[in-house]
Amino acid sequence: MHSGELLKQIGWFTSNVEITEDPVLSLVKQEYKKSLDLLNVRDEFNSIIRSHSDTVRKKGIYLNYDEFLKLSGIRLRIQEHNFRQLMKNLVDNAVKYALPHTAIQGTLTESQWDVEFSLENWAPCLKEGEEVRIFDEIFRGDYAKKSGMPGQGKGLFIVKHICQLYNIDIQYRSHSKSSNDSDCGHRFILSFPIKMVERMPYGTR
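Per the working numbering, numbering through the sequence shown is continuous, rising by one, with the last residue being 207.
In short, the hints are calculated from the structure, not lab data.
All figures in this text were calculated on a predicted structure; none of them were measured in a lab.
Each hint should be verified, as a subset may be incorrect.
Unchecked claim - DSS-like mimics (lysine-lysine), calculated; alpha carbons at most 27 Å apart, straight line:
hint	residue 1	residue 2
1	K61	K98
2	K31	K148
3	K61	K90
4	K90	K31
5	K129	K35
6	K179	K147
7	K148	K61
8	K179	K61
9	K197	K60
10	K36	K156
11	K197	K35
12	K148	K129
13	K90	K156
14	K60	K156
15	K197	K162
16	K129	K90
17	K179	K60
18	K197	K148
19	K162	K129
20	K98	K60
21	K162	K35
22	K60	K90
23	K36	K162
24	K31	K162
25	K156	K31
26	K197	K90
27	K61	K129
Work out the full structure: start from the sequences and follow the hints.
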């Protein structure tokens with residue numbers, strides 16, 4: 003076979019490959035086109051946390067998110083489905099990989115520029131080079147793969163794309179208690195731009 007014929011066949015093959023987008027991501031993009039909802043951040047987060055109550059109890063996880071109670075009047079303008087998908091993926095990830103008898107810390111802080119949400123759990127540290135891939139599609143760290151827990155490595159990939167749609171800044175940080183510690187605090191920080199935020203008077207829901 004001549005090289006020209008080979009290239010022609012390769013070109014035909016690639017042009018006929020059907021690229022299928024992840025259905026969850028497709029739905030996120032469809033929802034993005036709809037009108038905005040006004041959602042209470044604390045109430046939505048509490049609802050998602052409650053859906054994990056059985057796993058939290060079995061693993062002996064301590065949930066600490068008292069900061070949400072102080073900012074009960076914060077609403078966000080965002081499609082309900084997409085906000086819930088965003089929070090669900092983050093909470094799923096935190097609960098699934100949290101070590102037994104550790105704490106999951108949720109915070110919500112407000113400034114004149116944004117509202118910052120953070121969620122931190124304690125789990126084995128990522129291996130060198132894994133942190134930069136944490137938002138990649140179909141990426142699972144070494145601990146996740148060896149744990150035997152189900153997962154496709156798409157949760158944080160979806161989170162990243164939702165944040166990109168709404169210009170929400172997202173960061174991942176990790177820290178350990180000592181240089182020899184194999185367990186780390188894994189913290190995700192989302193900064194919602196102030197244009198998405200509406201502050202309701204105290205006492206309203």
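Against the structure, the hints come out as follows:
no., hint, verdict
1, K61 with K98, "10 Å, holds"
2, K31 with K148, "33 Å, violated"
3, K61 with K90, "19 Å, holds"
4, K90 with K31, "17 Å, holds"
5, K129 with K35, "38 Å, violated"
6, K179 with K147, "24 Å, holds"
7, K148 with K61, "18 Å, holds"
8, K179 with K61, "21 Å, holds"
9, K197 with K60, "40 Å, violated"
10, K36 with K156, "24 Å, holds"
11, K197 with K35, "17 Å, holds"
12, K148 with K129, "13 Å, holds"
13, K90 with K156, "13 Å, holds"
14, K60 with K156, "25 Å, holds"
15, K197 with K162, "19 Å, holds"
16, K129 with K90, "25 Å, holds"
17, K179 with K60, "25 Å, holds"
18, K197 with K148, "42 Å, violated"
19, K162 with K129, "21 Å, holds"
20, K98 with K60, "12 Å, holds"
21, K162 with K35, "18 Å, holds"
22, K60 with K90, "19 Å, holds"
23, K36 with K162, "20 Å, holds"
24, K31 with K162, "13 Å, holds"
25, K156 with K31, "16 Å, holds"
26, K197 with K90, "23 Å, holds"
27, K61 with K129, "24 Å, holds"
When the structure is compared with the earlier hints, violations turn up for hints 2, 5, 9, 18 and for no others.
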